[in-house]
Amino acid sequence: MKVLKTGKLEQVIDRLAQQADVYVPMLRGQQSGFYSWKTYNEDFDDLMFDILNVYQSPKHLILPQTEKMYSFRQEGQEVSIEEVAADIEPKVIMGIRSCDVRGIEYLDEVFLTKGYVDEFYKARRDKITIIANACYNPGKNCFCDSMGVSPTDPEAADVIMREVNGGYVWDVKTEKGEAITKQIEDLLEEQDVELFSLKPFLRKVEYDGVAEKLKDMFEHPMWEKYSEPCQTCGICTYLCPTCYCFDIQVKAWGDEGYRFRCWDSCMYHEYTQMAGGHNPREAAKERFRNRFLHKLQFFPERYGRPLCTGCGRCIVACPTGVSIIKIIDEVKEAETGA
Amino acid sequence: MNYTKEIREIATRLLESGQVDMVMAWEKGDQEYQTIPFVARTVDEVNRIVCDEYAVHNLANHLLRFRDGKEKIAIVAKGCDSRGIVRLLEDNQIKRDRLYVIGVACTGVKDPLQAMKANSGFERKKDQDEGLASKCLYCIQPNPVIYDELVGEELPLPELQGRFARIEEIENMSVDERYKFFEDILSTCIRCYACRQHCVACNCRTCIFDETRPQWVGRENNISDNMMYHLVRASHMAGRCIECGECERVCPVNIPLMLINRKLIKDINGFFGPYEAGMEYVEGNKPPLSVYRENDPDDFL
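Residue numbers (our numbering), protein chains in the order written: chain X, 3 to 340; chain E, 629 to 929.
Keep in mind that the hints were calculated from the coordinates and are not lab data. It cannot be assumed that every hint is accurate.
[What the hints assert, rightly or not] When the alpha-carbon atoms are kept at most 25 Å apart in a straight line, the in silico DMTMM-like pairs for lysine to aspartate or glutamate are as follows:
| hint | chain 1 | residue 1 | chain 2 | residue 2 |
| --- | --- | --- | --- | --- |
| 1 | X | Lys-227 | E | Asp-649 |
| 2 | X | Lys-334 | E | Glu-839 |
| 3 | X | Lys-328 | X | Glu-226 |
| 4 | X | Lys-70 | E | Glu-908 |
| 5 | X | Lys-10 | X | Glu-226 |
| 6 | X | Lys-287 | E | Glu-811 |
| 7 | E | Lys-656 | X | Glu-177 |
| 8 | E | Lys-723 | X | Glu-230 |
| 9 | E | Lys-808 | E | Glu-911 |
| 10 | X | Lys-175 | X | Glu-337 |
| 11 | X | Lys-253 | E | Glu-811 |
| 12 | X | Lys-142 | E | Glu-839 |
| 13 | X | Lys-175 | X | Asp-52 |
[What the hints assert, rightly or not] Away from chain E, derived, C-beta distances all over 12 Å, residues of chain X:
| hint | residue |
| --- | --- |
| 14 | Arg-30 |
| 15 | His-271 |
| 16 | Pro-321 |
No residue lacks a Cβ here, since even glycine has one placed at the ideal position from N, Cα and C.
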């Protein structure tokens with residue numbers, strides 16, 4: 003087996019960074035997320051390959067929080083439109099966990115399938131190589147296996163790093179993975195090592211049948227009950243590796259301006275605000291319900307799988323303790339009129 | 629701090645007699661360190677109520693959901709929360725006679741979010757006691773300033789040290805240093821609006837940041853729109869922040885928002901004081917920036 007010794011990890015990143023913008027998990031000040039190796043400062047940043055995961059999911063690398071689409075300028079009676087060149091620098095996302103890889107798989111479904119290809123998304127996605135970090139030690143709020151994710155074998159990964167004593171097994175999965183491995187082959191060592199076995203999950207949830215059952219639960223009292231503490235902030239949706247809603251807006255001054263898209267959240271009042279003044283999701287209950295129905299019913303109806311990867315971020319970060327596990331459990335146990 | 633038994637007794641009495649329609653308190657979440665807001669509406673639900681060392685949330689904010697109703701509401705309030713209630717009363721958001729305030733003398737609380745994070749695997753440190761929530765370190769009033777019933781013995785006011793020490797350091801920075809400082813901390817904002825949503829001072833029915841015609845603040849996540857968001861929010865906080873610390877506590881990217889709020893508290897006190905927001909309820913009282921007086925200072929304009 004090819005093994006990357008821990009001591010050579012930074013060398014490998016350096017090498018990869020010669021040909022791509024490499025994003026790695028870091029603790030930066032009070033925050034953790036995937037940051038460009040170009041911005042790594044050893045006085046402030048701490049590489050985080052050895053912890054469970056980082057707070058901010060890497061989805062912004064493919065679906066940036068704000069993205070310019072085109073700019074325009076009025077000249078007399080004419081309008082000139084300038085396409086903003088999509089960011090086409092190749093990227094490597096290294097050290098990403100299975101749950102977040104699955105998040106990217108879901109984004110792929112949304113932006114690349116069902117008859118429409120989002121060119122902005124595709125331009126980024128095509129240039130991304132995924133080096134996953136297999137997970138053998140689930141955290142206290144992890145439940146990815148319950149959501150159909152294999153923590154040790156992320157499907158969309160080009161390479162899977164498997165932690166072993168003293169380093170990582172370098173497990174190449176795709177042609178992209180082979181291409182990137184060529185750049186660093188001399189830094190890997192051939193060695194026989196024993197892989198860790200996956201430790202048991204502390205959290206479990208039964209998702210089977212939930213999507214079907216939810217069809218009859220739009221008016222169920224559980225939404226009122228569980229949305230009570232929800233303050234309708236956007237933490238859960240913005241930390242989520244799968245939430246992909248965006249808005250398209252414009253910034254203009256005088257005769258020129260640009261159009262951009264930016265993340266939006268179904269927890270916001272503005273999200274469903276209509277031109278005439280009506281808002282069909284006026285209060286927390288309706289927005290809260292929509293968030294879970296989208297994840298657990300609407301998305302599976304369209305794409306076959308729930309829009310949750312069991313990463314646990316929303317559970318950990320919710321200031322008032324809302325838990326998607328509780329919601330799923332409640333749906334399972336609920337008595338419906340049918 | 630654990631007033632669970634006392635609060636349950638009071639809640640049972642109030643709900644049984646029909647004196648209130650609901651009791652705003654807390655219940656336990658999945659983990660021993662998780663306490664979450666809970667509203668009990670029946671006597672049967674009372675045994676879910678807790679009021680323990682993790683009861684950090686300012687429940688006053690939750691009153692806003694019921695501002696258009698007629699329900700009688702009992703609410704458990706720590707010192708800082710009670711100041712939030714006073715602020716809502718001053719802003720005519722709810723009527724005093726709809727409230728039954730169960731005041732608790734607060735010996736300080738811990739933050740379940742910090743504990744969740746520390747135990748989640750998302751951080752290196754593990755299973756260590758987090759100590760008191762950071763807001764409690766600068767608490768000026770552990771006792772409820774408005775209540776119908778008090779639980780616990782009134783506590784002596786803490787002798788504060790260094791409440792404004794960090795503010796003074798920042799004041800002494802050069803303009804460029806200060807700009808850089810705020811640029812650094814605000815550039816990381818993800819615009820989840822958690823600080824606004826959890827804030828009792830943010831009680832506007834339509835927030836300026838949600839307006840679209842005109843759109844006062846852009847929705848782009850960049851330093852310009854982020855700064856605009858935080859500057860506008862800060863100016864709205866002046867004279868209104870009651871230091872419950874919820875904004876800073878809930879921020880998923882750990883922006884030190886209380887630095888901004890404490891600067892405002894210090895300045896409002898300096899210009900218009902002595903003044904601390906929501907320290908006592910006197911009908912008709914307004915915070916300094918909600919009234920005009922001929923002798924208001926204007927030399928900072």
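Here is how each hint holds up against the structure:
1. X:Lys-227 x E:Asp-649: Given that 25 Å is the threshold and the Cα spacing comes to 16 Å, the pair holds.
2. X:Lys-334 x E:Glu-839: Outside the cut-off at roughly 39 Å; violated.
3. X:Lys-328 x X:Glu-226: Since the Cα atoms of Lys-328 (chain X) and Glu-226 (chain X) sit roughly 14 Å apart, the hinted pair holds (cutoff 25 Å).
4. X:Lys-70 x E:Glu-908: Judged against 25 Å, a Cα distance of about 50 Å means the pair is violated.
5. X:Lys-10 x X:Glu-226: 53 Å, violated
6. X:Lys-287 x E:Glu-811: With a Cα-Cα distance of about 36 Å, the restraint between Lys-287 (chain X) and Glu-811 (chain E) is violated, given a limit of 25 Å.
7. E:Lys-656 x X:Glu-177: 50 Å, violated
8. E:Lys-723 x X:Glu-230: 22 Å, holds
9. E:Lys-808 x E:Glu-911: 43 Å, violated
10. X:Lys-175 x X:Glu-337: 45 Å, violated
11. X:Lys-253 x E:Glu-811: 22 Å, holds
12. X:Lys-142 x E:Glu-839: 40 Å, violated
13. X:Lys-175 x X:Asp-52: OK: Lys-175 (chain X) and Asp-52 (chain X) at ~22 Å, within 25 Å.
14. Arg-30: At about 9 Å from chain E, Arg-30 (chain X) fails to clear the 12 Å cut-off, so the statement is violated.
15. His-271: 6 Å, violated
16. Pro-321: Its Cβ does come within 12 Å of chain E, the nearest being 4 Å, so this is violated.
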